[in-house]
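Enquirer: Sequence:
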Amino acid sequence: MVIRRKPFAALLIAASLAVGVPAAYAKDAPAPPAQAQKAFDNKIIKKIKADNMYNHIAHLAAEPRVAGTEAEWNAVQYIEEKFTSYGYETEIQPFKFENYYAPKVSVTAGGETLSSNSFTYTPNGVVTADLVYAGLGRVSDVEGMDLTGKIALIQRGEISFTEKVLNAAKAGASAVIIFNNAPGVINGTLGEANDDYVPAVALSQDDGERLKTALSEGQAISATVSVTDGRIVEETSHNVIAVKKPTHKKKATDQIIVVGAHHDSVDGAPGANDDASGVAASLELARVIANMPTDTEIRFVTFGAEELGLIGSYEYVDSLSQNERDRIVGMWQMDMVGSRDAGELVMFTVDGEKNTVTDLSAAAGVRTGTPLTYGQEGRSDHVPFYEAGIPSALFIHNPVEPWYHTPEDSLDKISKEKLQETAEIVGAAVYHVARPDTPALERARVAPKPVDYEKIVGGIQ
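Taking mature numbering (1 follows the signal peptide of the UniProt record, and there is no 0), I'd label the letters of the sequence shown as residues -26 to -1, 1 to 435.
Any given hint could be a false lead.
[Claimed, not checked] With beta-carbon atoms standing in for the labels, derived distance ranges: (1) G326 x T122: 43 to 51 Å; (2) T122 x G242: 36 to 44 Å; (3) K219 x E166: 36 to 44 Å; (4) H33 x R112: 46 to 54 Å; (5) P157 x P376: 15 to 23 Å; (6) K390 x E132: 48 to 56 Å; (7) G146 x S384: 46 to 54 Å; (8) T122 x E298: 54 to 62 Å; (9) E166 x S190: 32 to 40 Å; (10) E318 x D104: 54 to 62 Å.
[Unchecked claim] Pairs of lysine-lysine, DSSO-like flavour, derived with a Cα cap of 30 Å: (11) K223 x K20; (12) K186 x K144; (13) K219 x K70; (14) K423 x K390; (15) K219 x K17; (16) K23 x K219; (17) K21 x K225; (18) K223 x K17; (19) K423 x K23; (20) K20 x K423; (21) K21 x K387; (22) K225 x K17; (23) K20 x K387; (24) K223 x K21; (25) K423 x K224; (26) K186 x K78; (27) K390 x K17; (28) K224 x K17; (29) K219 x K423.
Quick caveat, the hints were computed from the structure, so don't treat them as lab data. C-beta: ideal position from N, C-alpha, C; glycine also.
Kindly produce the complete structure, drawing on both the sequences and the hints.
Expert: What follows is the structure, encoded as structure tokens:
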């Protein structure tokens, strides 16, 4: 999962369920007896085995599964084989994407080699020229300046990196150095490839300020910017789709449920929690539900290239007909649901509002003994579904573990208890819709009661 950390407030805002008669279970209130909580869900939750999920993670997290690599393809084949073994109709959906490989960069100025970073999508090039300070790189800063053949030194701030590079290039600069306006490194992007870019690199605040001061004192500084071996390559990733048609054909509701996770990981990270855990929970729920009577179509989908911008889930949603979109009553996305070192399970929606998925899952959480909260957050594969008008939610433990996106995201950090918790809640909620004595969204003979559940302020921490 791609996460930009935000400040997190512990404040909870009480929020009431919009439909049905509330049966309020406050977070600290005594829960109903365990037998009563689980009576509706026993057909599902008693069959869920944490050991099965743990074993799936052990297989998938043996190596990083970067989108477009052989390791990701091996994961795709493993997942498809498991779905098939459970009796599902399966499809491997390929899609192309452009993958950017970062260049090697170096900067020397006044004979000194400085620590530097690249910007995503900067072009290759080696430029040696005089260094010129160009302020913030705004149009007003470079207007009237002759930067022809020069290297522009620009401070971060006010406008995007892209605008700074394009403005300097238009004024004639052959390369651009952008230095930070705060301590720390810049990890920046120019957004997309553009033939009008010139090579651009990033420096620290300290190094940039030293160069700026020297230039302001009249010193002439020759610099070299070297950007080499950066490239954009078209590669192929895949989604895995497993479909269970309604077993009660005469009572079929014509509704569709989607349960999702992403199977790719970032470079260098085994991705045990991110997101082999979500894939493992999906596989286990698929096994449990495979032979259950249902009146609703259930689709389990694992997505490729989530880490590169939700590419696989956008491809999947784009492939759906309008009729299919209209029939999907909910999408459950499980991302990072097994770390022993993460916080509590939270449901996140893109707009921060309740929907069918959060309502059903909150009720399931009370029944299974894990009352849930909800909040506002995107950045996972529920986003394309939301944008298509489909009720969806991300299930993730929050705050995330400290070794997110590192080599330490490994099997030994996985909690079987958290895997079980998530699978029970999602499984109970999904079967609430899919069981044959429904449509559960309208009526049911033994329907669980709706519950009150609370909203958190702040996104994923």
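Enquirer: A separate judgement is required for each hint: does it hold in the structure or not?
Expert: Checked hints:
Range check, G326 to T122: about 50 Å between beta-carbon atoms, so the 43 to 51 Å window is met. The given range of 36 to 44 Å is respected by T122 and G242, whose C-beta atoms sit roughly 41 Å from each other. A hinted range of 36 to 44 Å for the beta carbons of K219 and E166 is consistent with their spacing of about 41 Å. For the pair H33 and R112, the supplied restraint of 46 to 54 Å holds, since their beta-carbon distance comes to about 53 Å.
The hinted range of 15 to 23 Å is satisfied by P157 and P376, whose Cβ atoms lie roughly 21 Å apart. For K390 and E132, the hinted distance range of 48 to 56 Å is satisfied, since their beta carbons lie about 50 Å from each other. Taking the beta carbon of each, G146 and S384 are about 50 Å apart, inside 46 to 54 Å as hinted. Distance hint check for T122 and E298: the Cβ-Cβ separation is about 56 Å, which falls inside the suggested range of 54 to 62 Å.
The supplied range of 32 to 40 Å is met by E166 and S190, whose beta-carbon atoms lie about 34 Å from each other. Against the hinted window of 54 to 62 Å, the Cβ-Cβ separation of E318 and D104 comes to about 56 Å, which satisfies the hint. Proximity of K223 to K20 is assessed by CA-CA distance (about 26 Å); at most 30 Å being required, the pair is judged to hold. For a cut-off of 30 Å, the pair hint linking K186 to K144 stands: about 22 Å separates their Cα positions.
Proposed proximity of K219 and K70 is supported: the alpha carbons are some 29 Å apart, at most 30 Å. Between K423 and K390, the direct Cα distance comes to roughly 28 Å. Compliance with the 30 Å bound is thereby established for this hinted pair. Restraint check: the Cα-Cα separation between K219 and K17 comes to about 19 Å, which is no more than 30 Å; the hinted pair holds. Straight-line distance between C-alpha atoms of K23 and K219 comes to about 24 Å, which keeps the hinted pair within the 30 Å bound.
Of the supplied pair hints, the one linking K21 and K225 holds, its CA atoms being roughly 25 Å apart against a limit of 30 Å. Restraint check: the Cα-Cα separation between K223 and K17 comes to about 21 Å, which is no more than 30 Å; the hinted pair holds. About 26 Å separates the Cα atoms of K423 and K23, which keeps this hinted pair within 30 Å; it holds. Between K20 and K423 the CA atoms are separated by roughly 21 Å; this keeps the pair inside 30 Å, and the hint holds.
Restraint check for K21 and K387: satisfied, since their Cα atoms lie roughly 24 Å apart, inside the 30 Å limit. For the proposed pair K225 and K17, the alpha carbon gap of about 20 Å is at most 30 Å, so the pair holds. A C-alpha spacing of about 25 Å is found between K20 and K387, which places the hinted pair at or below 30 Å, so the restraint holds. Restraint check: the Cα-Cα separation between K223 and K21 comes to about 25 Å, which is no more than 30 Å; the hinted pair holds.
Among the hinted pairs, K423 with K224 is consistent with the structure: their alpha-carbon atoms are about 27 Å apart, no more than 30 Å. With a C-alpha separation of about 25 Å, the suggested pair K186 and K78 falls inside the 30 Å cut-off, and the hint holds. A hinted pair counts as satisfied when its Cα atoms are at most 30 Å apart, and K390 with K17 qualifies at roughly 20 Å. Only pairs whose Cα atoms come within 30 Å are accepted, and K224 paired with K17 is accepted, the gap being roughly 22 Å.
Of the supplied pair hints, the one linking K219 and K423 holds, its CA atoms being roughly 27 Å apart against a limit of 30 Å.
Violated hints: none; the structure is consistent with every hint.
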